[in-house]
Each structure stands twice: as structure tokens, then as C-alpha cells.
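Its first residue numbered 1, the sequence shown is counted upward by one per residue in UniProt numbering.
Everything labelled a hint here was simulated from the structure, so no lab data went into it. Backbone N, C-alpha and C define an ideal beta-carbon position, used for all residues, glycine too. One or more hints might be untrue.
Derived DSS-like pairs: lysine-lysine, alpha-carbon spacing no greater than 27 Å straight-line [what the hints assert, rightly or not]:
# : residue 1 : residue 2
1 : K55       : K66
2 : K62       : K46
3 : K39       : K66
Quick list of the computed label-pair ranges, beta carbon to beta carbon [stated by the list, open to error]:
# : residue 1 : residue 2 : range
4 : A76       : Y36       : 17 to 23 Å
5 : E27       : L49       : 17 to 23 Å
6 : L68       : G30       : 19 to 25 Å
7 : I93       : K62       : 35 to 41 Å
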Amino acid sequence: MHHLTEEISALQYYSRTDLSVTNSGVEHLGGDMFEYVPKADAIFMKCILHDWNDKDCLKLLKNCWKALPNLGMVIAVESILLILSLKSYGNMIWSCYHNALEEKKEHTNSSKP
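Given the sequences, and given the hints that come with them, work out the whole structure.
Encoded structure:
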């Protein structure tokens with residue numbers, strides 16, 4: 001995995017305290033992903049692309065492409081959210097709240113003998 005150099009010290013700390021951070025075959029490297037991405041069979045990116053404009057994303061993905069072998073892959077994990085107006089956002093929150101109350105009410109009524 002390619003990280004900004006500043007993040008490496010945090011990764012080194014967590015890799016000592018949490019073995020799930022460092023698995024066999026995974027190497028954490030410092031550097032600038034817009035300049036160079038080291039060779040890899042797979043590149044996993046989580047919550048990265050949404051932070052950059054289209055031009056920067058294209059540059060990053062091209063650097064990833066150069067780093068991959070013929071059957072290599074880029075795995076990108078991003079959350080996709082609809083852009084909601086304040087009114088529709090409020091309706092969504094109210095709907096969730098109302099549904100939770102209804103479920104609680106149904107659960108309470110069904111648990112009585």
C-alpha cells in the first residue's frame with residue numbers, strides 16, 4: 001500500500017499493536033501517489049478518490065495502471081451518496097426516526113403474551 005510519508009509512522013505503530021494491519025504479502029510504503037506508484041499485483045484504495053478532482057483522479061489511476069502486471073487489479077472502495085436538498089435530507093432523517101419507532105412499537109407489542 002502506498003501512503004503519504006507522514007502516515008507511515010502511524011501505520012508502524014498500529015502494525016505493532018494490531019496484527020490485522022500487517023498481513024503477509026502487504027507492504028506499506030511512503031511516497032506521493034501522484035508521482036509514482038510501486039509495482040504491485042493489486043492496489044487497494046479506500047476513501048481516496050472522492051477527495052480529488054477528475055484530473056487528479058485520472059493521474060492517480062494512470063499511475064496505478066502503470067504499476068500493475070497484465071492480470072493486476074485496482075480495488076477502489078468509495079461511499080456513494082446522493083446530493084440531497086435540505087428538505088429531502090430532513091425527510092430522510094424523519095423517515096428513519098419514524099421507522100425506528102414503528103419497529104420498536106411492533107417489537108414491544110409482539111413480545112407480550
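List, from low to high, the hint numbers that the structure doesn't satisfy.
none
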